[in-house]
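**Q** Now for the letters of each chain:
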Amino acid sequence: MTTLETLTEITAEAFGVPAAELSPDRDLRGIDGVDSVKVLRAIARIEQRYDVELEDSDVFAVKTLGDLVTLIEKAQ
Amino acid sequence: MRTADTSQHYELDPEVFGLFLDPMRKYSCGIYESPSDTLAEAQVRKLHFVAGRLGLRGGERLLDIGCGWGSLPLFMAQEYKCEVTGLSPAGRQHAYIRGLAAERGLSSRVNIRSGYFETAEFGVERYDGITMLGSIVHMPDLAGVYSKARSLLRKGGMLYVSESCFRNAGMHARFDAEGGTRFVRESIYGSGEMRPLSDLVRAAEDAGLSVVAVDDLTDNYRRTIADWMTNAKARADELNAHQPGLAENMIRYFEICNAAWGYTTKHYALTCSRSR
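Quick note, the sequences are listed as chains A and B, same order. Per numbering that gives the first Met the number 0, the first sequence starts with residue 0, numbered consecutively. Per numbering that gives the first Met the number 0, the second sequence starts with residue 0, numbered consecutively.
Treat each hint with caution, since some may be false.
Claimed, not checked - A short list of chain B residues far from chain A (calculated; beta carbon distances all over 10 Å):
{"id": "1", "residue": "E14"}
{"id": "2", "residue": "P34"}
{"id": "3", "residue": "N110"}
{"id": "4", "residue": "R173"}
{"id": "5", "residue": "T217"}
Claimed, not checked - Okay, derived cross-link-like pairs now, DMTMM-like style, lysine to aspartate or glutamate, Cα gap no bigger than 20 Å in a straight line:
{"id": "6", "chain 1": "A", "residue 1": "K62", "chain 2": "B", "residue 2": "D205"}
{"id": "7", "chain 1": "A", "residue 1": "K37", "chain 2": "B", "residue 2": "E254"}
{"id": "8", "chain 1": "A", "residue 1": "K62", "chain 2": "B", "residue 2": "D218"}
{"id": "9", "chain 1": "A", "residue 1": "K37", "chain 2": "B", "residue 2": "E247"}
{"id": "10", "chain 1": "A", "residue 1": "K62", "chain 2": "A", "residue 2": "E52"}
{"id": "11", "chain 1": "A", "residue 1": "K73", "chain 2": "A", "residue 2": "E4"}
{"id": "12", "chain 1": "B", "residue 1": "K232", "chain 2": "A", "residue 2": "E4"}
{"id": "13", "chain 1": "B", "residue 1": "K147", "chain 2": "B", "residue 2": "D205"}
{"id": "14", "chain 1": "A", "residue 1": "K37", "chain 2": "B", "residue 2": "D218"}
{"id": "15", "chain 1": "A", "residue 1": "K37", "chain 2": "B", "residue 2": "D205"}
Just so you know, the hints here were simulated from the structure itself, not pulled from any lab data. Glycine residues also receive a C-beta, built at the ideal position from the N, C-alpha and C atoms.
Take these sequences, add in the hints, and give me the full structure.
**A** Structure, rendered in structure tokens:
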């Protein structure tokens, strides 16, 4: 599984939406029913899965799954 | 001193809280030791932890500010033979606690008073320990609260405060007016001023108290709230029978809390003593 596939799967589960609705450049907060709480929850699960701790400035700046892939790959 | 109105949430029927809290109806963080610990076990362990932080040996005179449904006064009276005054502005809690105290033969050691700590009047006899579990968040005047608490403690008396805090001053500035914070403040409690731990420590120092211990209970609160959420989901219909939409509101509150721990918020226990 690529990082993007893994992140898509975790995020879809955290948001309660089908993975197919999540494209790498979609603004996560623009998805129906998704707010900053759900984004934070997804990031927490991703940090746990990869055993990494992202910088606060990055955590709160994440807009898309593509951003997250870059951050996770950099943090590993 | 200024007071803040918190009755909106705490004046709900006590039965509501019985639907998702532990049997003692302790509405604050528990302490878990193993993966198999239940919510009820975690809450009992937490009260023993508080007793430890206060250095209780038995028979002390305690004041519990924001006593909720009386879990701490009843427990300390029963387990440590303490004489406990519980103070809370939410009138619906008082009859409930008095009833339990009478049932358990603790009426002579448990005294429940109505009112706000900031304006309440106290006699000359001082306390060995004062506790505030999740109540200082509802008090706007930190300096006044600490100073009054200190004046009510005997020399060497202990103050235990556990509270949810912004993770640092930057998070406070950034998230105080954000959606999640506003929802919890306005839709759940009606008021509340969450601060960083540094504000609580500074106010304690300024009041002349000595800081004895700081404990990070964040992971424990995450698990406590996860247990509350499980219960609230299972009893959603009963919650909504008390007030339409209540289950969804409570679950949303719990989800916000548990998403934020460690990122924007922490839960600390701060123990201070009146000593030089």
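**Q** Does each hint hold? Answer for all of them.
**A** Hint check results:
1. E14: holds, 28 Å
2. P34: Non-interface label stands for B/P34: nearest chain A Cβ at 16 Å, farther than 10 Å.
3. N110: holds, 41 Å
4. R173: It is violated; B/R173 is separated from chain A by about 8 Å at its closest Cβ, not greater than 10 Å.
5. T217: holds, 12 Å
6. A/K62 / B/D205: Measuring from Cα to Cα gives roughly 42 Å; hence the hint is violated.
7. A/K37 / B/E254: holds, 9 Å
8. A/K62 / B/D218: Not satisfied, since the Cα-Cα distance of roughly 27 Å exceeds 20 Å.
9. A/K37 / B/E247: Cα-Cα ~16 Å, so holds.
10. A/K62 / A/E52: holds, 18 Å
11. A/K73 / A/E4: Distance ~17 Å between A/K73 and A/E4 Cα, so the pair holds.
12. B/K232 / A/E4: Violated: B/K232 and A/E4 sit about 31 Å apart, past 20 Å.
13. B/K147 / B/D205: Cα-Cα ~12 Å, so holds.
14. A/K37 / B/D218: Roughly 19 Å between the alpha carbons, so the hint for A/K37 and B/D218 holds.
15. A/K37 / B/D205: violated, 39 Å
Checked against the numbered hints above, the structure violates hints 4, 6, 8, 12 and 15; every other hint is satisfied.
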